[in-house]
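Peer 1: Could you put together the complete structure from these sequences and hints?
Note that the protein sequences, when read in sequence, are chains A and B.
Be aware that the first sequence starts at 0, since it is given in numbering that gives the first Met the number 0, and climbs by one per residue.
Be aware that the second sequence starts at 0, since it is given in numbering that gives the first Met the number 0, and climbs by one per residue.
If you are wondering where the hints come from, they were derived from the structure by calculation, not from laboratory data.
Straight line, CA to CA, 30 Å or less: simulated DSSO-like cross-link-like pairs of lysine-lysine:
(1) B:Lys3 with A:Lys238
(2) B:Lys3 with A:Lys228
(3) A:Lys234 with B:Lys3
(4) A:Lys236 with B:Lys3
(5) A:Lys110 with B:Lys202
(6) B:Lys202 with A:Lys131
(7) A:Lys234 with A:Lys248
(8) B:Lys272 with A:Lys110
(9) A:Lys242 with A:Lys295
(10) A:Lys131 with B:Lys436
(11) B:Lys294 with A:Lys131
(12) A:Lys131 with B:Lys272
(13) A:Lys234 with B:Lys1
(14) B:Lys1 with A:Lys236
(15) B:Lys233 with A:Lys110
(16) A:Lys110 with B:Lys155
(17) B:Lys352 with B:Lys48
(18) B:Lys312 with A:Lys131
(19) A:Lys238 with B:Lys1
(20) B:Lys444 with A:Lys131
(21) B:Lys437 with B:Lys425
(22) B:Lys1 with A:Lys228
(23) B:Lys387 with B:Lys48
(24) A:Lys110 with B:Lys444
(25) A:Lys131 with B:Lys435
(26) A:Lys131 with B:Lys233
(27) A:Lys295 with A:Lys239
These numbers come from a predicted model, not from an experiment.
Now for the letters of each chain:
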Amino acid sequence: MAAEKEAVKNEPALSDPEEEEEEDDEVAAKKHQQLVETLSTLAGGKRPRAAERTEASRYISEYDVGGGGANEKVLLSELLKPVSTSSALGSIRKQLSKVRQTKAVQLPLSKEENERVVREAAYTQTSQALAKWDPIVRQNRNAEQLVFPLQQDCVTVAPIEEVISNWKPRTPLEEEIFNLLHKTQQPVKDPLLTPHEKASLKAMSLEEAQLRRMELQRARALQSYYEAKARRERKIKSKKFHKLLRKGKSSKVLQEFEMLRKCNPEAALEQLEKMERARIEERMSLKHQNKGRWAKSTVIMAKYDLEARQAMQEQLARNKELTQKAQPTSDSEEDGKDLEADGGLVPDVINEGHVGVDPDNPWMLGKASAESKEEPRVPEDSVGDGMEEEEPTMSNEEALLQDFAERRQGLRCLQVTSEAQGLDGEEAALMLPDVLPPAPPSPGPEEPLLREKLERLRTLEDMEALEPEEVVQREQSVQSEGAEPLQPVQAELLSQADGGRTAAAKKTGKRQSLIDLKAVLADTSTSMQCPLVPRVVQDELESTTDQRQVIREAFASDNVVADFVKEKRRAEQDGKPKAVDLVLPGWGEWGGTGLQPSTKKRRRFLIKPAPGPPRKDQHLPHVIISEQRNISAAAHQVNQLPFPFESSQQFERSIQAPVGSTWNTQRAFQRLTAPQVITLPGHIIQPISAEDANLIRQTDQEKAAGQKPALDLISLSKCHDRRRASKKKSWKR
Amino acid sequence: MKVKVLSRNPDDYVRETKQDLQRVPRNYDPALHPFEAPREYVRALNATKLDRVFAKPFIASLDGHRDGVNCMAKHPQSLSTVLSGACDGEVRLWNLMKRECIRTLQAHEGFVRGMCTRFCGTSFFTVGDDKTVKHWKMEGPAYGEQEEPIHTILGKTVYTGIDHHLREPVFATCGHQVDIWNEQRTSPLCSLTWGVDSISSVKFNPIEMYLLGSCASDRNIVLYDMRQSTALKKVILDMRTNTLCWNPMEAFIFTAANEDYNLYTFDMRFLDKPLMVHMDHVSAVLDVDYSPTGKEFVSASFDKSIRIFPVDKGHSREVYHTKRMQHVITVKWTSDNKYILCGSDEMNIRLWKANASEKLGVLNPREKAAMQYNQKLKEKFQHHPQIKRIARHRHLPKIIYSQAKELRIMREARRRKELNRRKHSKPGSVPLMSEKKKHIVAVLK
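Peer 2: This is the structure in structure tokens:
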């Protein structure tokens with residue numbers, strides 16, 4: 000505004016000299032001014048008047064800017080100064096300011112470059128989008144088991160009511176069945192109670208039911224009491240009691256019979272018939288034929304036990320009594336026959352002793368004669384004496400046993416410590432128990448125990464001292480210790496003890512060692528003389544001895560232990576580093592036939608190697624440890640550590656853990672052998688989709704939640720079930 | 000009164016059927032069953048031997064084509080149906096159960112270059128040398144009807160391959176460019192080009208279905224995005240890639256069958272280096288197809304054999320060949336992961352078992368358990384030399400055998416030469432090049 004005013008003030012000063020000088024122009028200027036004025040009035044706004052020159056200058060600016068000459072620069076800010084004041088030029092001002100801010104537009108990119116940019120952007124975008132599959136892919140790759148197809152059609156179980164309500168009978172048969180069902184009002188929904196059942200439920204009141212229940216309880220209790228009593232009675236072992244009971248019963252019957260005979264003969268007759276019948280039945284039942292288990296056992300026992308013999312005789316008498324009725328007339332004539340017939344019934348063993356003594360079997364007469372009792376007395380007494388003698392020894396035995404048990408405990412503790420000290424010996428003992436030589440029986444109270452615990456009590460010194468000759472020596476010493484003339488049985492027993500294999504043999508050995516050896520042997524010899532010893536048993540003994548003898552003869556040449564020792568010695572010899580003989584006969588001295596290189600040379604050129612490291616099995620007498628590589632086995636062994644394993648231990652562990660059902664339970668076996676990929680036959684496997692991915696994630700979460708162990712199997716069984724359930728086959732026929 | 004009796008659970012000793020073995024309670028104390036490892040080793044050895052004894056993979060040969068089989072397609076709904084197109088333009092539909100041809104149609108003049116089925120299984124598409132795309136019904140014409148396609152699209156150039164989208168009515172063809180078509184239209188929705196070259200194969204990604212992969216004859220593999228209708232990236236290999244196949248279980252993995260006898264498995268996010276180079280073929284690999292489980296793939300080669308590779312292994316686990324099988328042009332792995340189909344030059348389609356020694360048909364539970372146990376044993380003892388030797392042993396035709404040997408020698412010679420060069424030049428001037436990186440020429444953005 001100030002500049003404008005100045006311009007207005009300057010006007011008259013400029014115009015005066017011009018008017019004077021240029022008169023021609025005046026008219027035109029006036030006209031122009033008038034035009035401008037009219038225009039300005041028309042526009043109605045103030046218009047800046049053209050600045051008039053107030054000073055002399057070559058360049059006259061339109062605006063009132065001091066033109067300093069050609070060299071001076073015109074600044075935009077200077078130009079804009081007047082504009083800023085005027086509000087009418089606001090839009091231009093804005094445009095100007097914009098122009099000042101924005102730069103020039105560059106040339107558009109070439110088509111190729113443009114495409115390239117688009118491609119790059121699209122590629123990074125898709126790559127990022129694909130990253131969402133990363134966890135799923137990783138999971139599938141690491142999964143222990145994958146079941147394809149991933150999305151299996153689930154079978155939903157519809158409730159039966161729905162199925163039934165939807166179902167309608169069509170065929171006549173179906174209709175008939177339906178009618179029947181409806182007639183009886185058979186319920187289809189829970190609870191499955193027919194109207195009848197419901198009615199019966201309603202019929203009985205609570206009190207009635209309780210009363211009935213109490214009655215039933217009482218009855219049951221009574222029954223159980225009686226049962227218990229009967230059982231108790233039956234369990235009573237006393238034979239006397241039972242005999243009395245039986246006798247009481249029979250006497251009762253007899254009394255009744257007597258009574259009946261007096262008052263009611265007809266009934267008595269009937270009773271008699273009954274008794275007769277009972278007798279016949281008893282006879283038929285073969286009860287007293289001496290063929291039962293009892294009879295057999297008593298036959299065996301008869302030689303030792305007086306009571307048993309008596310019982311046997313009674314039994315025979317009873318048998319006689321029962322059989323007598325069948326042949327009432329024959330007494331003497333058919334004795335022989337009887338004898339023959341009874342030969343089958345009564346074991347020979349019983350009779351044998353007497354057959355030689357007297358031909359008339361007193362037992363067959365039904366009475367035990369005094370003679371017969373007396374005759375076998377002699378051996379029996381001796382047997383009895385033997386038994387009596389043995390009894391105190393047996394009691395002694397028990398004491399001894401206790402003693403030994405205590406000692407054994409002590410020894411066990413010792414063993415534990417010895418095991419802790421040297422496992423090698425222990426292991427060795429466990430490794431080849433069969434090869435171990437039999438322990439020679441030696442004197443001393445501890446010996447039997449040692450034999451009993453053969454493997455454990457053996458010490459390394461014993462093992463080292465193991466030589467076949469020594470074994471022989473020991474055997475000899477033992478025999479000499481026996482001193483007295485050995486009977487075959489004793490030898491047998493000894494050999495059994497030597498064998499130490501069968502349990503029975505062991506038992507006898509043990510027994511024998513516990514009891515005074517000589518006494519027992521004497522006893523056995525006496526019992527051998529007894530004519531009542533069952534021959535069968537004798538034969539058995541003989542046959543076993545024969546067997547042993549035969550086996551021993553057959554394998555007489557086999558000495559496993561000696562062979563092993565030899566083998567070991569050979570292995571030791573082979574294992575030793577050998578001396579290198581570099582002697583050249585004739586080198587440095589005369590040579591030829593009959594000339595030997597001198598000892599000096601020989602000593603000089605014989606290179607003795609350093610003794611190798613001690614053998615690992617030098618303290619293990621029954622083990623040969625060979626460290627040589629077995630070539631035939633090497634073909635089957637892994638040379639290099641396979642890829643995924645990091646150490647040989649790891650690999651070995653993976654091989655050593657068995658997977659077969661021989662070593663694992665069925666469940667573990669299934670889990671161990673579960674296949675990595677399961678595909679269902681006849682099912683199309685679609686490519687994975689987002690839903691499948693979700694599915695996988697869910698299962699993964701479930702897994703993380705915890706039902707880990709059973710899951711694989713469950714899923715397996717599930718899929719099987721599904722397959723079974725949906726018999727959808729894609730194979731179109 | 001309490002009565003104590005011995006009671007056993009009948010489940011412990013009662014058999015389900017008479018044929019079952021008697022249940023025997025077993026004591027699993029390891030001391031009672033010693034020598035686990037040796038015994039299992041023997042079992043594993045036997046299992047491996049039996050596996051080889053029973054390895055009879057060839058099932059059937061489908062003959063009927065009058066020219067070499069050029070392409071095949073699986074039916075998306077039916078496992079027993081397979082389609083094949085021959086070099087004389089004939090298309091045949093086969094029933095694998097009956098092993099017979101159920102339909103024959105003359106689709107094109109000249110080669111049937113490519114074919115694909117629609118996802119619903121009611122129709123299929125073929126492209127041929129006569130510059131047409133034809134859409135056919137799966138079912139044959141009724142009596143008296145003419146055998147005619149539903150649609151025919153006439154193009155300007157020869158189409159060399161076709162693939163259908165898995166969910167939408169969209170398919171892609173390739174030739175001079177990759178075209179994306181809607182089934183209802185006669186002009187492509189969009190055409191994708193990057194440079195000028197003939198593209199031999201195009202495949203939709205089966206998981207992320209907007210992605211496409213193609214391979215062209217200028218040795219490159221190009222990936223496209225259908226949504227943005229733009230190419231994504233191009234990788235140039237040593238030699239031409241014939242086909243590629245996407246992994247159906249892993250969205251970003253694909254395998255390319257190359258002319259240089261190798262197959263390359265790529266992660267599409269890192270194209271500068273393949274994940275795995277699969278080598279074993281002794282001639283150009285012509286086709287590749289993934290197993291539906293995505294764990295393995297099968298490749299067909301010009302060397303008259305097909306090979307099965309595990310995805311994560313550099314060498315094949317199986318090789319199939321027969322005396323009469325010529326150059327195998329196309330191969331497919333059936334959707335139930337059980338069989339492999341290959342079509343070859345000598346006009347036959349062959350059906351193989353995917354697992355050579357597998358027993359076909361229903362297995363008893365006991366059989367199945369035994370099979371699984373044997374499988375586990377083989378796996379457990381696979382590093383033992385004898386077992387490895389037996390399991391790896393395959394009979395090969397003399398040509399393949401000698402050629403493989405020759406290749407091995409050549410490779411060794413090259414390796415040795417490189418070693419020597421490195422040894423005799425300035426350290427660092429001959430850099431060590433990994434086998435994976437060696438075959439990648441360039442990756443273009």
